[in-house]
Each structure stands twice: as structure tokens, then as C-alpha cells.
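Peer 1: Take the given structure of chain W and dock chain A to it, following the hints.
Now for the letters of each chain:
Number of protein chains: 2
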Amino acid sequence: MKSILLIISFSFMTCNVKKEEITLSQLLSKGQWIDLSYDFSDQTIYWPNNPVGFKLDTQFNGITPAGFYYSSNAFFSPEHGGTHLDAPVHFAKGKWSSDEIPLNQLMGDAVVIDVTEKCAGNADYQVTTDDITAWEKRNGSIPDDAILLFRTGWGKYYPDKEKYIGTAEKGDSAIAKLHFPSIHPDLASWLIKNRKIKAVGVDTPSIDYGQSKDFKTHQVLYAENIPGFENIGNLDQLPLKGAYIIALPMKIKDGTGGPLRIIAWIGN
Amino acid sequence: MKSILLIISFSFMTCNVKKEEITLSQLLSKGQWIDLSYDFSDQTIYWPNNPVGFKLDTQFNGITPAGFYYSSNAFFSPEHGGTHLDAPVHFAKGKWSSDEIPLNQLMGDAVVIDVTEKCAGNADYQVTTDDITAWEKRNGSIPDDAILLFRTGWGKYYPDKEKYIGTAEKGDSAIAKLHFPSIHPDLASWLIKNRKIKAVGVDTPSIDYGQSKDFKTHQVLYAENIPGFENIGNLDQLPLKGAYIIALPMKIKDGTGGPLRIIAWIGN
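Just so you know, the sequences run in chain order W and A. Sequential numbering of the first sequence, starting at -9, is according to this note's numbering. Sequential numbering of the second sequence, starting at -9, is according to this note's numbering.
Just chain W, same shape as in the assembly (with noise of 0.2 Å):
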């Protein structure tokens, strides 16, 4: 009796140790990080009717008196353009600005739905409850504190205008041409009650579709301090789950929103 006793706590021993042992260093190493986020250039996408995109000026670029090498630029921006993150409180008032969302509600496991086929033969799809029961049917119920993200397919047609948002056309004629899918508020109303994530992400220009006029998917989330992640790249590159995702803005005092470095790991 007494050596078996004695191989039984040893046993525990031994598990307690190994599970101490692993580092988020080491835990790392164990896969690859995804980067989600296009770059900031002449091409970059902004909403038709914006006045101004990105604009890098170059400030110094060759050898100084002093005969060494230097370069630096200033740029400008919309806060809303590019791979960028909706703050809150750009179509919900009082709710979080860039500065205010806390880093835990930018971070979580990622959820993927798929509605690639949905939308190729139909540039105003609008993902709707059925797809999510269609992905929780095969993948258990949305976890908690999840980050969706809706894959239309559309990442591929970054940065050709004429077929990412469905017209190259500038100001406010154009906003009628806009063609992309993107999540049905009726959805946005059924995540609040049914589901709870930190945020929303697309592959396209805007949590709501192309033709959106009221743009309620912006307001029924954000109400709810939820932000959302736009126009993200490399959607294809992700599992339907298992993936981890980190999402960094650049932090504007009472910003709106502003560029965004999301990226993802995947383990192996």
C-alpha cells in the first residue's frame, strides 16, 4: 500500500511542473502570426464622398550636412479608411472613443464565418442568423468573448475599386454605386441578445452593405460598445476557428476611429 501511495503523489508532482514550465515565449513559438492589415498608400480605399486619402510628404530623404543618411515623412489620413477600426462612439454617442476601448476587448479567439459562395453571385449579400446556426452547427456554439470576423470573399478584389466597393467614382454620386456585402442588422440585433462577442470584423469597406442608407448595423453595435474592424486582409489565410486575434489602433485622443494592426496567430 504505502509504495503505491507514493507513486500516485509523485505523479501529481510531475503534472504541476510541466504545466508551469510553458512561456507565452514558448507557446508562440508553437505557430505562426498572420498579418491581417493592407498598408497605408496612394492606394489605399477610402468612402468615396471623403475629400482626401492618404497622403505621405516626404519631410527629408538624402545625407544631411552633418553626412550621414535620413529620411522622414508626415502623412494625413481619415480616420476611416484602409484596414481601420470603428471606435464606438462614431455612430453611437458617449460610447468608447479609439483612445477608451480597453486592450482586452481587442483581443480573443477568433470566429470565422464563411459566406464566400453567399456572395459571389451577389454583391449586396447581407450575412444573416442563418449562417451563423449553419457555422455553430458544425462548430459547437459561438464562445464567449469571441471576435467574429465575416469572410465574403472580397479581399481578393483589394485595392480595384471598381470591384471592392463597385464603383471608382469619387464624391457623393457615387455612394448610390457602392456594391459589397456585409452583416444584416437584423443579425447585429440577434448577437446583442443571443451571443456575446468583443468585436466584428469584414473583409469589406463597412460592417454595413454597400447600399446600407441608415447604416444600423454601425448603430445597433455600437450602441452596444462593440467595435468593428473593416476592410481586413488575408481572411482566406484563417481557419473556420482556432485562431487568435489581436487588433491595435493607433491611439487617438476622442478618435472615431483610426488605422488599425490587426494580426493573427495560428497555432500548429
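There may be inaccurate statements among the hints.
It does not matter which identical chain is used: a pair holds within one copy or between any two.
Computed cross-link-like contacts, DSSO-like style, restricted to lysine-lysine with a CA-CA straight-line distance of at most 30 Å [said to hold, decoys possible]:
1) K20 x K183
2) K20 x K186
3) K160 x K45
4) K153 x K206
5) K243 x K153
6) K203 x K20
7) K45 x K108
8) K243 x K146
9) K45 x K83
10) K243 x K167
11) K146 x K183
12) K85 x K20
13) K83 x K203
14) K206 x K85
15) K160 x K20
16) K160 x K108
17) K127 x K151
18) K203 x K183
19) K160 x K186
20) K231 x K20
21) K127 x K243
None of these hints come from the bench; they were simulated from the model. All values derive from a computational prediction rather than experimental measurement.
Peer 2: Chain A alone, transformed into the frame defined by chain W:
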């Protein structure tokens, strides 16, 4: 005898299962993230001879004709101000621009070199190899692929220009009045030859001290594609070792730097 063998095999099974069970999400829940980034506002600190700093312009803020609340801004910023990235190309022609730095170069185990006491009496202090030796005597050799952060104690002065950079004046005449500590060029050269680091960061405006004329530390490190993180906040909240850094800069194509969101994870 048989019963003893059964217990042993069972104990190994238990251990294996426990090891595989640990996900990134679960590991991160055992610690906390600290934001090392200052926000961008009209208080953000830039080099005194930079004609313009951060500027946020309201594009719309109020109730739209359609009847819902909406707010949006555009902004201007030099690449090098506030909590920001120095891309190697900032001082080394042909080296990585902001968009070219691999994600893995921007994250790693933090090593914090605390020279607060030495800087308290000397705003022109430059961190030497002796300071590294002192750290290594207590903590062992700087691990490969570490992100080396220098804590001078200057963070407590931000954004008081007089105390943080040495002058509140603007223009070229103010450059000679810059006083703040940073990394000695001899240490930069020593690190290149003797240690393998991913990046360096400082809680002052520059990886060269305020009185530098040739920015030699920049030249030495950037020639080796080692990026710099400047104006880092909350360094006083990090342990000397054990924290993990993730630094995600705005992805500016051909950028020499840019706004940086840098965070540190500390396990419990």
C-alpha cells in the same frame, strides 16, 4: 505489482492531456496586458523643429439628415512623434521601411535596463555596457531575440516639454537645448557584436541622447535592421525580465516610422 503499473501509466496519460489543453487564450488569461503607448493629441511631443505636430480635424459630428448620430475625423502627423516606431530606413538607406518589418521582429521577451538613478542627476546620461553587465550579473545573459527596453525614469515627465526634452521652445534654435538620456553609441556597437536582439525601446524621445549631433546609435542599430521604439510609456510598470512585448506600428508603405501601439504582457 499489476496495480502499481496501472497507476503509473494512468499518471502519464493525465500529464499529456493537460499539456495539450493549454491554448493561447487560456495562457493570456493568466496574466495582464499593460499599454505602453501614449495617446495622440495636441499634447503629443514632436521634435522642436518639426513645423507641425499631431492635428485632428472633425469631418462630421452630430445628427445626420437621415436622423442618426455620426462622428468622423481626419488627422495629420509627422511619422516621428509620440509613441512611435523608427523603421531602420529612417537612418539606414535600403533597410526595412515601416511596412517591411516582419511581425516576429516586433514581438519578444522584454529585458528592462533600469538606469533611473543614474539619470536622476544627469539628463545627459548615456546607457553604457556597464549597465548591461550589471543587469546580466543579476539576471543572466540577455536572451537571444529579446526586446531591449531602457528605463531612464523620464516617462514621469511626459508630456511636459520643459522637463521631458529640456525645452518648450520651437524651431532649429531649440535643438541645442535638448536634454534627455538615452543609449550610448558604444553600447549600440557592443550589442551588435555580442548580443542578438530584435529591437530597442526607450522612455525618452530618441534612442540617442538629447545632445547627440550625429545620431550614431540610430546609425549603428538601423544598419543592422534593428528597429527602435521611442517615447514608450509606463515602463515603470514592467519587471526587469519576464514581460512579453507586442509592438504593432501603423503599416505605412515606404514609411520611415509611424504611430506605434506597444503593449506588454505580464504573467501572474
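Peer 1: Could you run down the list of hints and mark each one as holding or not?
Peer 2: Hint check results:
In the homo-oligomer, the alpha carbons of K20 and K183 lie at most 30 Å apart only across protomers (29 Å), although the nearest pairing inside one protomer, at 36 Å, exceeds that limit. In this assembly of identical chains, the alpha carbons of K20 and K186 lie at most 30 Å apart whether taken from the same copy (29 Å) or from different copies (21 Å). Taking the shortest Cα distances, K160 and K45 sit within 30 Å of each other both inside one copy (17 Å) and across copies (25 Å). Only within a single protomer do K153 and K206 lie at most 30 Å apart by alpha-carbon distance; the minimum there is 24 Å, versus 48 Å between protomers.
Taking the shortest alpha-carbon separations for K243 and K153, only the inter-copy value of 23 Å comes in at or below 30 Å, while the best intra-copy value is 34 Å. For the homomeric pair K203 and K20, neither the shortest alpha-carbon distance inside one copy (45 Å) nor that between copies (44 Å) is at most 30 Å. In this assembly of identical chains, the alpha carbons of K45 and K108 never lie at most 30 Å apart, being 36 Å within a copy and 42 Å across copies at closest. Taking CA atoms no more than 30 Å apart as the test, K243 paired with K146 passes between copies only; the shortest distance there is 19 Å, against 33 Å inside one copy.
For the identical chains of this complex, K45 and K83 are neighbours both inside a copy (29 Å) and across copies (22 Å), given an alpha-carbon limit of 30 Å. Taking the shortest alpha-carbon separations for K243 and K167, only the inter-copy value of 29 Å comes in at or below 30 Å, while the best intra-copy value is 33 Å. In this assembly of identical chains, the alpha carbons of K146 and K183 never lie at most 30 Å apart, being 33 Å within a copy and 44 Å across copies at closest. In this assembly of identical chains, the alpha carbons of K85 and K20 lie at most 30 Å apart only when taken from different copies (29 Å versus 38 Å within one copy).
In this assembly of identical chains, K83 and K203 lie within 30 Å of each other by CA distance solely inside one copy; the values are 19 Å within and 48 Å between copies. Proximity of K206 to K85 under the C-alpha cut-off of 30 Å is restricted to the intra-copy arrangement: shortest distance 16 Å within a copy versus 46 Å between copies. Proximity of K160 and K20 under a CA criterion of 30 Å is satisfied in neither setting, with 46 Å inside one chain copy and 49 Å between copies. For a Cα distance limit of 30 Å, the shortest separation of K160 from K108 inside one copy, 28 Å, qualifies, whereas the shortest one across copies, 58 Å, does not.
For the identical chains of this complex, K127 and K151 are neighbours neither inside a copy (36 Å) nor across copies (58 Å), given an alpha-carbon limit of 30 Å. In this homomeric assembly, K203 and K183 come within 30 Å of each other (Cα to Cα) only inside a single copy, at 24 Å, whereas the closest approach across copies is 60 Å. Proximity of K160 to K186 under the C-alpha cut-off of 30 Å is found in neither arrangement, the shortest distances being 38 Å within a copy and 50 Å between copies. In this homomeric assembly, K231 and K20 come within 30 Å of each other (Cα to Cα) both inside a single copy, at 17 Å, and across copies, at 22 Å.
Within a single copy, K127 and K243 get their C-alpha atoms no closer than 42 Å, and across copies no closer than 42 Å, so neither meets the 30 Å cut-off.
When held up to the earlier numbered hints, the structure conflicts with 6, 7, 11, 15, 17, 19, 21 and fits the remainder.
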